[in-house]
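Q: Chain by chain, the residues:
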Amino acid sequence: MSAARDYPPPPDVIRGRVAWVFGDDFDIDLVIGVENIKSYDAEFLRSKVMRAYDPGFADRVRPGDVIVGGRNFGYGHPHYPPMVALRDLGIAAVLAGSFSPGFWRGETYNGVPLVTVPGIAAAVATGDPVAVDWRAATVSLGDGRVLRGTPPSDRVVRVIEAGGSLKLLLAEHART
Amino acid sequence: MAGTIAEKILARAAGRDTVRAGESLPVRPDYMIAYDFPGYTDVMFRQMHDDFGIGELAEPERYVVFIDHMLTKGNAKEQEVHQVTRDWCEFYGIELHEARGIGHQVMAELGYALPGNFLIHFDGHISGAGAFGALGWGVRRDLLEAWVSGQIFLDVPATTRFELTGDFAPGVDSRDLVHQIIADHGADGCAHQVMEYGGPGARAMSIDRRQGLCGMAMFTGAVSAVFEPDEAALAYARRVAKTDFTPQLPDAGAGYAAVHSYDLAAVRPRVVLPGSARSANTRDAAELAGTPVTKAFIGSCASGRIEDIRAAALVLDGRQVAPGVELNVVPTSDAVHRQAEDEGLFDVLRAAGAKIARSSCDFCFGYQKPLQDGENCISTGVLNISGRMGSTAANIYLGSAFTVAASAVAGSISTAGEVGRS
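Here the protein sequences come in this chain order: A and B.
Going by my numbering, the letters in the first sequence line up with residues 1 to 176, in that order.
Going by my numbering, the letters in the second sequence line up with residues 1 to 422, in that order.
Treat the hints with care, since some could be wrong.
Pulled from the structure, derived: some chain B residues nowhere near chain A, Cβ distances all over 12 Å [said to hold, decoys possible]:
id, residue
1, THR18
2, THR72
3, ALA254
4, ASP342
Far from chain B by the CB rule (all over 10 Å, computed), these chain A residues [to be verified]:
id, residue
5, VAL13
6, ARG62
7, ASP88
8, PRO101
9, GLY102
10, ARG105
11, ALA137
Covered stretches of chain A (in silico footprint by chain B; criterion: 3 or more residues with CB under 8 Å from a CB of chain B, positions within the stretch not fixed) [said to hold, decoys possible]:
id, segment
12, 17 to 31
13, 51 to 58
14, 75 to 85
I should point out that these hints are in silico values taken from the structure, not numbers from a laboratory.
Backbone N, C-alpha and C define an ideal beta-carbon position, used for all residues, glycine too.
The shape of chain A in the complex, shown without the other chains:
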């Protein structure tokens, strides 16, 4: 729970490319490997992130890129370092058909825009350009198609705008 990073809130529209497309029931721990899920060390995480899928991932990802998943993304017993590793590279959002509740709650707290878009995994491929309006849950693709998902609640919008729940709570409740 400790030692997460401080990331700025996302822009209104996140513009980047699809950095990877995962399948259904994807276990986020696999992004760095289950033997590495306790580390928050930036250099170590960079050396492990996505190695099992694409050894060149860390070098080709640019800030604003997103990852995409199928149904029930984040299923399992999700730990926080895998998303830290991805965000350190500049991954700005996760788009998925649906999210596993534990992952959804934990990473929303951390300020990651999680955009629920049914069917997204079948509609895009690695490298596709995307423009994501995370409040409206719309994803505009390079060929003009627009995919529409389920917008987040007002409270979740405020959490993401604040750069995570801790910052919002501090603004609301800190007595110091």
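Go by the hints and put chain B onto chain A.
A: Below, chain B alone, put in the same frame as chain A:
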């Protein structure tokens, strides 16, 4: 407006007449629970004090902390971790329950999990409170929101209703049922929903079995699970309650996302392959017969209750744990431990060669006697992801206490067969 149990509990906790699935609103939990663990409670307490400037709590009685992890090495690090928790709880006047067993069980014994109550925890297995008609929701880091504000913003979940009939066959229990439900409806079959159990099969099920069933709700994607509180749940609650409580039953005409029926008599022993509890990993135990095991574990917040220990004693009575197999039995609480001793169950288990350990969470997360490379363990624990109980190169199979005990005797995955009802 007709409501499900979850909608009615959340409406009461939100101070509203009714709430409807899909609404987003702040809710006041009756209890905001945590177990001490480095990186969790120590950080939360420090944030509350240093970052939020909270010097005292308006309602300390709504905060509950358990010490149930990291109890078995007796080293300086454990003492350091627990002392931090003791100091903060004393500072804030928070009730701390130390080394009385696994918090998700002890919360019931101490009267927190009362019918109609709304409980939150950072750990999702708080859903076991549903056995008593309480709604327990694992909110991860959002527990901090509740700790600093007394409330938490939630999206009111939809509910899937499970109508249960019949009774389990000998050698089968609710652990087999939950894995059957996952197999039938998928690892996201109840995603973001509450599972609501009712019907004659639910009423016939023992409280222990209900706790085991509700405690595993997250593996269907559910945020919680809840039984209709019946006379058995109310009798338990009256015995332990230190506060008033308001049991909630579903209204006629409540709206459900889906309704599924299960005849408990038709449920067969299930075993889950290593990796995760997803549906493709769930097998008829007979299919895996003969898979060798070196470790067997009965315990965790989803098992290790008196019914589970009785099940193990039925299987192990007059038999021996196979050579080369270690069977560890960890009662879910000290109270369960005493009852198992009083009933003579541990005599049976010890005579069979089982090892009995003090109640804690430590086996289930690989802290106590971690599995070694290449070992196969059959377990009633909550998780079988790689590395959960030790080495990432060990394999964890999940099954009921009946199946774990039978496998320990056989030295390989085996069902209990016709061992009689526990």
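Q: Does each hint hold? Answer for all of them.
A: The hints, checked one at a time:
Every CB of chain A is more than 12 Å from the CB of THR18 of chain B (nearest about 18 Å), matching its label as outside the interface. Distance to chain A confirms THR72 of chain B as a non-interface residue, since its nearest Cβ pair spans about 20 Å, more than 12 Å. Look at ALA254 of chain B: its CB is around 21 Å from the nearest CB on chain A, clear of 12 Å, so calling it non-interface holds up. Distance check on ASP342 of chain B: its Cβ is at least 36 Å (rounded) from any Cβ of chain A, clearing the 12 Å threshold; non-interface status holds.
Every Cβ of chain B is farther than 10 Å from the Cβ of VAL13 of chain A; the closest lies at roughly 23 Å, confirming the non-interface assignment. With a cut of 10 Å on Cβ distances, ARG62 of chain A stays outside the contact zone with chain B, its closest approach being about 29 Å. Under the 10 Å C-beta cut-off, the non-interface status given to ASP88 of chain A relative to chain B holds; the minimum distance is some 19 Å. The claim that PRO101 of chain A lies off the interface is violated: its Cβ sits roughly 5 Å from the closest Cβ of chain B, which falls inside the 10 Å cut-off.
With a minimum CB-CB distance of about 6 Å to chain B, GLY102 of chain A fails to clear the 10 Å threshold, and the non-interface call is violated. For ARG105 of chain A, the condition that its CB be more than 10 Å from all CB atoms of chain B is violated, with the nearest at approximately 5 Å. The beta carbon of ALA137 of chain A is kept farther than 10 Å from every beta carbon of chain B, the shortest such distance being approximately 14 Å. Only residues whose beta carbon comes within less than 8 Å of a beta carbon in chain B count, and the segment 17 to 31 of chain A has 3; three or more means the coverage holds.
For the segment 51 to 58 of chain A, the proposed coverage by chain B is not satisfied: 0 residues have a C-beta within less than 8 Å of a C-beta in that chain, short of the threshold of three. As drawn, the segment 75 to 85 of chain A meets chain B at 3 residues by the rule of a beta-carbon pair under 8 Å; at three or more, the given contact holds.
When the structure is compared with the earlier hints, violations turn up for hints 8, 9, 10 and 13 and for no others.
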